[in-house]
Amino acid sequence: MRKTWPFNPRLSTRAARVLLSLPVVSPLLDATFTGTGVLPEFVLARSGAAARPAEREADFATALGYARSYHAIHGTLAAAIDTVHDGFELGRWLVQTRRQARQGHLSAATSQALTAIAPWWNPPWPHTWQRTYQQTKLAHHTGQPLPSPLQKWTDRQRTRWNTLHPDQQHLLTSIGIRPG
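For reference, each letter of the sequence shown is one residue, going -30 to -1, 1 to 150 in mature numbering (1 follows the signal peptide of the UniProt record, and there is no 0).
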């Protein structure tokens, strides 16, 4: 027998949104789930499609807590997309949140909350640059010699100084890296 539960969250959310957009949602859902023992409201709640604003705010507060915790440990929110922090898919959440910001769909309050945690949570340059900068900054502050890959990266920043964003130049200068 084919396993149909739990739903694929992405697929079930899309399906539930389609169902919610239909003018005959209730009869359709009732007919679909009659005799299954599954209540339509449970299906919609499980899919996330019926999330109420209070639930979304609670989800955001939870995600923000994970972001604070991650930043306290790593000093950055430039997490890779596959970063899972304490069981939470933080990297994926940050990618989605940055996408919302780029599209102009992120509230000012959300942006301010993330900026309060990490001013460079959504820099105009690649996040790989931000992660590498953070590793270099950590080595600088702990007095450790730079491993070869970070030394090469540092040398590249010096030689490409004029192509860097002014804020990147400022960040590098703050840890003693100057144009070469």
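Do not rely on the hints blindly, as some may be mistaken.
[Said to hold, decoys possible] Distance windows between CB atoms, simulated:
(1) Gln114 - Ala79: 12 to 20 Å
(2) Gly150 - Ala31: 21 to 29 Å
(3) Gln114 - Ser77: 23 to 31 Å
(4) Asp29 - Ile51: 33 to 41 Å
(5) Ala31 - Thr143: 16 to 24 Å
(6) Arg130 - Ala83: 31 to 39 Å
(7) Thr133 - His110: 15 to 23 Å
(8) Ser144 - Lys122: 33 to 41 Å
(9) Thr112 - Gly74: 15 to 23 Å
(10) Gln70 - Ala42: 22 to 30 Å
(11) Leu108 - Thr133: 40 to 48 Å
(12) Ile51 - Gln114: 22 to 30 Å
(13) Gly74 - His111: 20 to 28 Å
(14) Gly57 - His135: 17 to 25 Å
Treat the hints as calculated values from the structure; they're not laboratory data.
Beta carbons are placed, not taken as given, at the ideal position from N, Cα and C, and that holds for glycine.
Hint by hint, here is what the structure shows:
1. Gln114 - Ala79: 12 to 20 Å: Hint violated: Cβ distance 39 Å, outside 12 to 20 Å.
2. Gly150 - Ala31: 21 to 29 Å: 45 Å, violated
3. Gln114 - Ser77: 23 to 31 Å: 40 Å, violated
4. Asp29 - Ile51: 33 to 41 Å: 19 Å, violated
5. Ala31 - Thr143: 16 to 24 Å: 36 Å, violated
6. Arg130 - Ala83: 31 to 39 Å: 33 Å, holds
7. Thr133 - His110: 15 to 23 Å: 22 Å, holds
8. Ser144 - Lys122: 33 to 41 Å: Cβ of serine 144 to Cβ of lysine 122: about 20 Å, so the range 33 to 41 Å is violated.
9. Thr112 - Gly74: 15 to 23 Å: 39 Å, violated
10. Gln70 - Ala42: 22 to 30 Å: Given a distance of about 24 Å, which is inside 22 to 30 Å, the answer is holds.
11. Leu108 - Thr133: 40 to 48 Å: Since the Cβ atoms of leucine 108 and threonine 133 sit about 24 Å apart, the hinted range of 40 to 48 Å is violated.
12. Ile51 - Gln114: 22 to 30 Å: This hint holds: roughly 28 Å between Cβ atoms.
13. Gly74 - His111: 20 to 28 Å: Distance hint for glycine 74, histidine 111 is violated at roughly 36 Å.
14. Gly57 - His135: 17 to 25 Å: 34 Å, violated
In terms of the numbered hints stated before, the structure departs from hints 1, 2, 3, 4, 5, 8, 9, 11, 13, 14, listed from lowest to highest.
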